[in-house]
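*Asks:* The chain contents come next:
There are 2 protein chains.
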Amino acid sequence: MSDRLSAREVKRHKWWGWGLDDVTFRYDNKPAFAPLAKNKIGVDLAAKDTPVEPDLADFDVPSSRMPADVRALLTGVVGEENLVDDDEYRVLHSFGRSLPDLFRVRAGDFERLVDAVIYPDSEEEVAAILRIVLEKDLVLIPYGGGSCISGSVTPDVTEQRPVLTMNLGRMREVLEIDDTAGLARVEAGVYGPDLEEQLNALGWTVGHFPDSFTYSTLGGWAATRSSGMQSDKYGDIEDIVRGLRMVHPDGIAHTKAIPGRDSGPSVHEMILGSEGRLGIITETTVQVHRLAPVRQVIAYMYPDWEHGIRGMHAIARSTDVSPTFTRLSDGPETEFSLAMVKEPSSTKGKVASKVQDGLFAYLRSKGWDTTNEMSISYVCFEGSKESVDQQKSIVKKIVKHAGGITLGAGPGAIYDQKKFDTPYLRDFMLNYQVFGDVCDTGATWSNLNAVHAKAFEAFHTAQKQQGLPGFMFSHMSHSYHAGACLYFTFAFPYSSHEEALEQYFTAKNAVQQSFVDLGSTVSHHHAVGTEHQPWITEDIGEVGVRMVKGLFADNDPGRNLNPGKVTTP
Amino acid sequence: MSDRLSAREVKRHKWWGWGLDDVTFRYDNKPAFAPLAKNKIGVDLAAKDTPVEPDLADFDVPSSRMPADVRALLTGVVGEENLVDDDEYRVLHSFGRSLPDLFRVRAGDFERLVDAVIYPDSEEEVAAILRIVLEKDLVLIPYGGGSCISGSVTPDVTEQRPVLTMNLGRMREVLEIDDTAGLARVEAGVYGPDLEEQLNALGWTVGHFPDSFTYSTLGGWAATRSSGMQSDKYGDIEDIVRGLRMVHPDGIAHTKAIPGRDSGPSVHEMILGSEGRLGIITETTVQVHRLAPVRQVIAYMYPDWEHGIRGMHAIARSTDVSPTFTRLSDGPETEFSLAMVKEPSSTKGKVASKVQDGLFAYLRSKGWDTTNEMSISYVCFEGSKESVDQQKSIVKKIVKHAGGITLGAGPGAIYDQKKFDTPYLRDFMLNYQVFGDVCDTGATWSNLNAVHAKAFEAFHTAQKQQGLPGFMFSHMSHSYHAGACLYFTFAFPYSSHEEALEQYFTAKNAVQQSFVDLGSTVSHHHAVGTEHQPWITEDIGEVGVRMVKGLFADNDPGRNLNPGKVTTP
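Residue numbers (numbering that gives the first Met the number 0), protein chains in the order written: chain A, 0 to 568; chain B, 0 to 568.
There could be a bad hint or two in this list.
[To be verified] Partial selection, computed: residues in chain A whose CB lies under 7 Å from chain B:
#1 181
#2 437
#3 441
[To be verified] Lysine to aspartate or glutamate pairs mimicking EDC-like chemistry, simulated, CA-CA at most 20 Å apart:
#4 B/396 / A/385
#5 A/391 / B/368
#6 B/399 / B/436
Bear in mind the hints are in silico, worked out from the structure with no lab data behind them. C-beta atoms are modelled at their ideal positions from N, C-alpha and C, and glycine is treated no differently.
Sequences are here, hints too, so could you generate the full structure?
*Replies:* Below, the structure written as structure tokens:
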């Protein structure tokens, strides 16, 4: 424990957007990107200069409301250097990275900020802080990587009590690996890349790679029921996290990392997804796997979405293959992906570009619509070389039978390298008064096409009624026995700062409502927070909501633990 | 719904023991069985005549305490013919099939029986009954197949309120199959064989086969977190049941059968394992799979348990095989299994017996101990012929590498046919004042051998202190990434009727305590009920118990729903 980071050494986002200060999206090396923006949403990127980054000094930042005596009690636990309450840190920790969060933080909409950020470095410190929170009637919000997009880390604007955010980022160690059982005991504050780096060095992987991977933490994944890209093989976080420790108002809740989980109603599954309302998750025991000797991502192309879904379903049903992930982009997402391809600079790249041109011409000659309908798919295989080769051969046949073709490993490798870059695009587009955001849902195989079609209809109807252009695309990922996740991305230019958020919610809510109208879930893996609460009753039913509210009220009668998240009150 | 069974047509156990009236264990055709009983626990089966079955007329059966006006309200819901309160039905429904239950029911220990048994045939009837239960302050106990071995269906002897048991056996229909999603909506009262028969006729299987399969129901599996023999492939019941409906005091709780299960704390996982304390499960949506074209159970033999576990672990770690089940018997269980083999009557059987003699002689020449140490293993493969052949070939190599040999499909097929007969043996042995019972636990791969050894030590130490002989054997089954289930069977003759149950609990509790002392679970899949409550705190922790108690108190403040099960109060 001697090499603990101090609070200010913990990795963090820029205060006004996603990720690192010096990383930004650029389109000058992507020749098809600006024409796509012009064509789909009528935005002329060239017409505007590169924007100036917001400066916190331009805004009024309200002072911390933390009473000095309480502050002293808190620094008594963690030391002066591990309680941070300067403006930048309080702003940073008061917002997740949802679209409304980004819009508000850039506009200096600081009506209610958290009053201090505390960085404990042990379960004992967390417990001591929780005692102060309860004694002094504070509000406590846990903070992992701050990547959440449903409002889970944001204080209620009407909150009158002092609000303390707990950043777990100093608690980031892999404590123990049980090689035989394939289990690792890990502190909850570790970021995704740090976790994988520590494990990879010993030949292990957790295999959990959500889109937010670079800016999300193990404890955050558990507290929000996260799902990673490779869930087909490694499972969702509820499969991966086998045991955990949580500091609860009455002591330490702990669940055993042993098969045959729990007796009676599952305490483990009450804690997963609780978003801080039952306590603070400090440690989890996760399944770890040996790094696969061979890993390949193969790209396939289908004439359209329906053919692609047929292929995806057949792969899921096959008892002879078990891919690490399966992903299918619809026509619009395929078009978007092609517009994100960089201008080839190397000879090799230029040759590849020519090959692609030839392929598309051939597909057009077969009657495919290579601009709007064609759907690209990626499937990842891991294992021994023999196993990977065999599975590739089986999937190739399945794809062909479903009407698709195999493109090969080239485009797959590019996808695999770029997969964590997308969040920077939202910040970039905001510079042009363009909203870009995502919605996800779980649907059964029998309902996937209907949900897909209805979401598009809902979005475009909403945009038409708003008199706004709009572009939406989607992909299928996270395949299960009974169904899969559908993941939608949409973008549109808002008409004015004053109307912006209403326009955003009109579009997003139309899509969300279309999910539950067809019996699908309000979200597959983006948690509830506050943004998805309007559909919680449609999601888990009136009695379900009543059970969850009762659980919160029983365990946190004073509403000190992240109140208002998942359910009201 | 026109072909509903009436109450008395619903399948049921004999009132005093397991299963059908006319089925009993016999040993006259198993030449090695009586010598084993003599050798291991000093019991001379030949010294006693075939026992007479107990006759209910020999016992005092207390009258029903259900008030006439309440009874009239209840029959008003289901009709006179679907409320049964005769002596035999009340006795039958007051006991599960745990060893203490069997001992007490045979002895006419009827201090507190249930007062009536009601058989609803719809969710609406269940809801109407629950309203009467709450209005009239009754106790309501749900009853599936009555196979539970931890006291979950037995009323508290101190209960002063009228006790109503609800038998779901009339609600047994497969309501709908979604072929594309592989999901079936099924009423909760269906027995295992009935469920599989209805599905098999359409080419489907659930693949859930607990030892209790013939006398347990879908709703019972869900309410007790059941696990079936084939869980390696098909999952435990929490994996299989994707959605459910439960009649709760405040309405119908329902969870969606959609991937990306639940938002926030899982309502679904609160209901699974709740043993009737939150309401009555009336319907579940389960994953169904196409019947495999080829199914083979192959037997293997290892020189001892440790070599066997090495093989089992290697199979679990292999990314190239996915067996339907994997099972390893230790030396004593292998010895017991061989003693259960029938005397060969056919020429083929006699040849097989000679082959076995030759094989054992060969193994002894290699230095194996073929009487006490040798450990038999069964692995089941399902899939296409190519896939099964390939997996068999890989497992054969793994077994060889671990020091074992492949016996082939013959013994495997015999195991597969006999697997549901064992429960009858307990009733038979009780005729000789011999207790035979089981304990199970989940342990990590790194802890399996230690838990195995410690359980044996605990049992034999307890028996030594009691001055009683004892025989124990075990197997490993239900393999997972991180570990597996250990399943122990023990038998011993008790010394007198008065001391019997104390002797039983001394032995059983020693084994249970040994599990939790090494950090394993109190039970892998036998639920909590009342029998496992002494270890619930060691299992889920003080805070966990507090959370579960709070959940029950919040949802059932009047303690009308199967009070005292899982936790007190």
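*Asks:* A separate judgement is required for each hint: does it hold in the structure or not?
*Replies:* Against the structure, the hints come out as follows:
1. The beta carbon of residue 181 of chain A is positioned within 7 Å of a beta carbon in chain B (closest approach about 6 Å), and the interface hint is therefore held.
2. A least Cβ separation of about 14 Å between residue 437 of chain A and chain B goes past the 7 Å threshold, and the interface hint is therefore violated.
3. Given hint, residue 441 of chain A at the interface with chain B, holds; its Cβ is 3 Å from that chain's nearest Cβ, closer than 7 Å.
4. Taken as a hint, the residue 396 of chain B and residue 385 of chain A pair is honoured in the structure, with Cα atoms around 16 Å apart against an allowance of 20 Å.
5. Distance hint between residue 391 of chain A and residue 368 of chain B is unfulfilled; the C-alpha atoms sit about 46 Å from each other, more than 20 Å.
6. Only pairs whose Cα atoms come within 20 Å are accepted, and residue 399 of chain B paired with residue 436 of chain B is rejected, the gap being roughly 34 Å.
Violated hints, listed in ascending order, are 2, 5, 6; each of the other numbered hints is respected by the structure.
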